[in-house]
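A.B. asks: Protein chains in written order, with this note's numbering: chain A, 1 to 182; chain B, 1001 to 1422; chain C, 2001 to 2317.
Worth flagging that the hints you see were computed from the coordinates, not collected in a lab. Keep in mind that a hint or two might mislead.
As the list claims (entries may be wrong) - What follows is a set of in silico ranges between Cβ atoms, one per label pair, in the way DEER data are often shown:
#1 ARG2004/C to ARG1269/B: 16 to 26 Å
#2 ALA2276/C to ASP170/A: 25 to 35 Å
#3 ILE2268/C to ASP93/A: 36 to 46 Å
#4 TRP1384/B to VAL2289/C: 52 to 62 Å
#5 ASP2073/C to VAL181/A: 34 to 44 Å
#6 ARG2004/C to GLU13/A: 19 to 29 Å
#7 THR110/A to HIS2035/C: 56 to 66 Å
#8 GLN50/A to GLU2031/C: 16 to 26 Å
Every residue, glycine too, gets a C-beta built ideally from N, C-alpha and C.
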Amino acid sequence: MHVVEKRQLLSAEEISRTLSRLAHEIVEKSGGAQDLALIGVRRRGVPLSQRLAKSISGFAQVEIPVGTLDITLYRDDLSTVGPQPVVQSTDIDFSVDDRDLVIVDDVLYTGRTIRAAMNGLFDLGRPKRVRLLVLIDRGHRELPIEATFIGKTVQTSDTEIVEVRLQEVDREERVMLVDRVP
Amino acid sequence: MLLLIKNGRVVDPATKTDAPWDVLIEGDRILRVGANLNANAAEIFDASGLVVAPGFIDLHCHLREPGQELSETIATGTRAASRGGFTAVCCMPNTQPVNDNASVTRSIVERAAGSASVRVWPIGAASMGSKGEALAEIAAMKNAGIVAVSDDGKPIATARLMRQVMEYCDSLGLPVIDHCEDPSLFAGGVMREGPSSLRMGLQGIPAQSESICVGRDVEMALLTGARLHVAHMSAKRSLEYVRWAKARGLRVTCEVTPHHFTLTDEDVRYDTRYKMNPPLASREDRDALIEGLTDGSVDAIATDHAPHHPASKDVEFDGAPFGITGFETALALGLSELVHTGKVPLLRLVELFTTGPARVLGIDRRIAAGEIADLTLFSTTYEWTFRASESASKSRNTPFGGRAFRGAPVATIVGGRIAWRR
Amino acid sequence: MLQRLPHLLGIESLSREQIDFFLDQAKPFQEFQRHPLKKLATLRGKTVAIAFFESSTRTRISFTTAAARLGADTMALQAESSSLKKGESLIDTVHTLEAMKPDAIVMRHASSGAPHFVAERLEIPVLNAGDGTHEHPTQALLDALTMRDRKGKLEGLNVTILGDILHSRVARSNIHLLSKFGVEITLCGPSMWVPRELECLAPNLRRVLRIEEALEGADVVMALRVQTERIHEPGLAPDEYIAGYQLTPERLRRAKSDALVLHPGPMIRGLEIDSAVADGPQSCVLEQVTNGLAIRMALLYHLVAGPPADAPHPAKD
């Protein structure tokens, strides 16, 4: 099985503009930024959340705390754990109690990752509110989960994969739609 | 009944023969030995490519009958022995009941007469029940057929008892065989003390456990002048005592098992097929034993065939009984480890299986007209793999399963009768 | 990336990379111990058999808690081994386990090699919680984690192990682990319990019989428990041991001022260790306990989490 690149969904510039727009949306729809905090889901949700916080700090002059969440231990399906199981750290150095949280991830697909993320967050405390921000919503939900902040909605088929590549992780910057070919 | 062993290579240490001779057997005796023999009414056994040696004798084995028939019987044990080329085996007395009186000895002899494939020569206990207190009924057992005395499984308990046993046995013309071990150093041990036991976290037994007792026994041999045979000698230090004793003219002999000249404590793993007593020793010990086998300080190879039924060995290392089987691999190991490596000449190896043990027992063994027709025929080149599952023994406790060999027994002739052939 | 191990029976066969991996994997579980709600559903539906043939409260509770916090069920098989039943109980246990099919077995036994015996006969991951005097891998890992957290790294440390080294599986596992990291190891104790042959277990091992000399310049002092009774050997009178080898504040001063004091527990206060040291600022014993939980959670996750070997891997998420 190998992978064939079909088309580019977002260029580097488009990613940047989308994130900028999303950062403004967060502030607009949060009634002021008190109690706001961003939680980046490993792996690529992390740099996205850091960029959003930096952007918000730039135009709204307010420092939004950013945390990192590893959902490995919260998955509902162990069969997704490969032959090389690795757990990484969750790094949230502030209390989640009574916080207005925004979970940040790169792609929203079945919704299971986000469900696991919520399990993880509720283990840590009781947030006031939890909303979701994703760069790409590709449909095919298997759970009743919706994103409040969406960068771009894309129609995909089951065999296709949305690949988000970010400078901090992948040394390049773009979003690709690729297809699995037998 | 005439049987002609033709085209073989007669190797006989007693007459120092290594010649392409034939052997003609009538009934249970050898009729003639010489080149190109012919006999009209004879059954011919073509021994081309084979060595024809005097019948092998195993000075040390456990047949488990009476009382432990789950592990082995005289019938199954001697069948395995015949497949190893042995024409006579000396079985140790640690049966249930212990062979410490004439009626047990007689029962063994009778059982053997009915079911054994090869000669069974019982060894009687030195003390009652081998408990190390009172002397066993040695004279009565001698009349019933024992060839030696031992408390094997354990050492003869004290120096004082050893002295008494030696004096008494000497007067009866019996050798005393001791399983040399110091109980206080042995206690709780399961393998040889050394880097391997340390790494594996298994309780070790230092070599001195054996050599202290050999030293003690040699002193008693010095005191009494009696015959002493050191069973399953495993340590260099023990050999040093034996050499000293021989140099002094004492009637001290010793035997080494095939596993002790093949394996070392480095071979031990968490596998009870590597657990036996004495345990596998250090490389230095093994090399010293091989030197002794070569230069004559060691008198015999003995198997210490110690079968244990599979369930009893299928436990963690600490919990397993000591012992491995050995009849069917003894010659092959001797050939591969000693002869094929050039360390020991073939004649010497044959001596270790034949005239060496015979001397310990005070009997004669040779291939000559008039002698009893016990012969071992073997190949030095036949390639085969030993499979534990194919053993004639009831037990499977051997570390040599799956080992490839070059050289094997081919036929075992006891009293002119072919007890086994490949 | 580390391929899932089929068992964890000892440290000796692990590579430095594998050990580093497990120490790193313990971090998320250390962090987890600070959550208000210490319960995951990660191993929900999985069962871990806790088969302890040697009595131990602390290690057993640690493993049981680790499994429970991961959401797994535990099955407690406690077979007290009596000398009569030696051997029988193990094969019987193997048969029982074969029938009940747990997802992992955590095993402690008085005989070295017993977990290997079980691992050879069952297709279930076996985690050695201590076998005879052979190894106690999770102890060495939690000790290493404690040392690494406090000192930054293991390389270049001077570690002194104090006590009955000969009969200690904790010592052996630690020696195997620390020597892979180039740690300078000093072994110290009464001469008959620190045999010269120990030096062949690893390079960089030094055997010192006087405690003052052994503690000189140490970064870490690991005090072992003293077994005052032994079956086949004459014991050493407690006062003899205390006079020669007790870890007292005075003796501890010979080590570096920021030296760590570790003990595998349970401590016999007043015997191998003075209470002042056990409760003092350099003592890491409580941290060792917490780290033990983290290490054991990491190892159970590693051995248990995931599909059975023959299942295909769906790539969706």
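A.B. asks: Take the hints in turn and mark each one as holding or not.
C.D. replies: We went through each hint and held it up to the structure:
A beta carbon spacing of about 24 Å between ARG2004/C and ARG1269/B agrees with the range 16 to 26 Å that was offered as a hint. The beta-carbon spacing between ALA2276/C and ASP170/A, approximately 55 Å, falls outside the hinted interval of 25 to 35 Å. ILE2268/C and ASP93/A have their C-beta atoms about 40 Å apart, which keeps the hinted 36 to 46 Å range intact. Our hint of 52 to 62 Å for TRP1384/B and VAL2289/C holds, since their Cβ atoms are close to 58 Å apart.
Distance hint for ASP2073/C and VAL181/A: a CB-CB separation of about 43 Å, consistent with the stated range 34 to 44 Å. The hint said 19 to 29 Å for the Cβ distance between ARG2004/C and GLU13/A, and at roughly 42 Å that hint is violated. The beta-carbon spacing between THR110/A and HIS2035/C, approximately 26 Å, falls outside the hinted interval of 56 to 66 Å. Against the hinted window of 16 to 26 Å, the Cβ-Cβ separation of GLN50/A and GLU2031/C comes to about 19 Å, which satisfies the hint.
Hint compliance for this structure: hints 2, 6, 7 are not met, and every other hint is.
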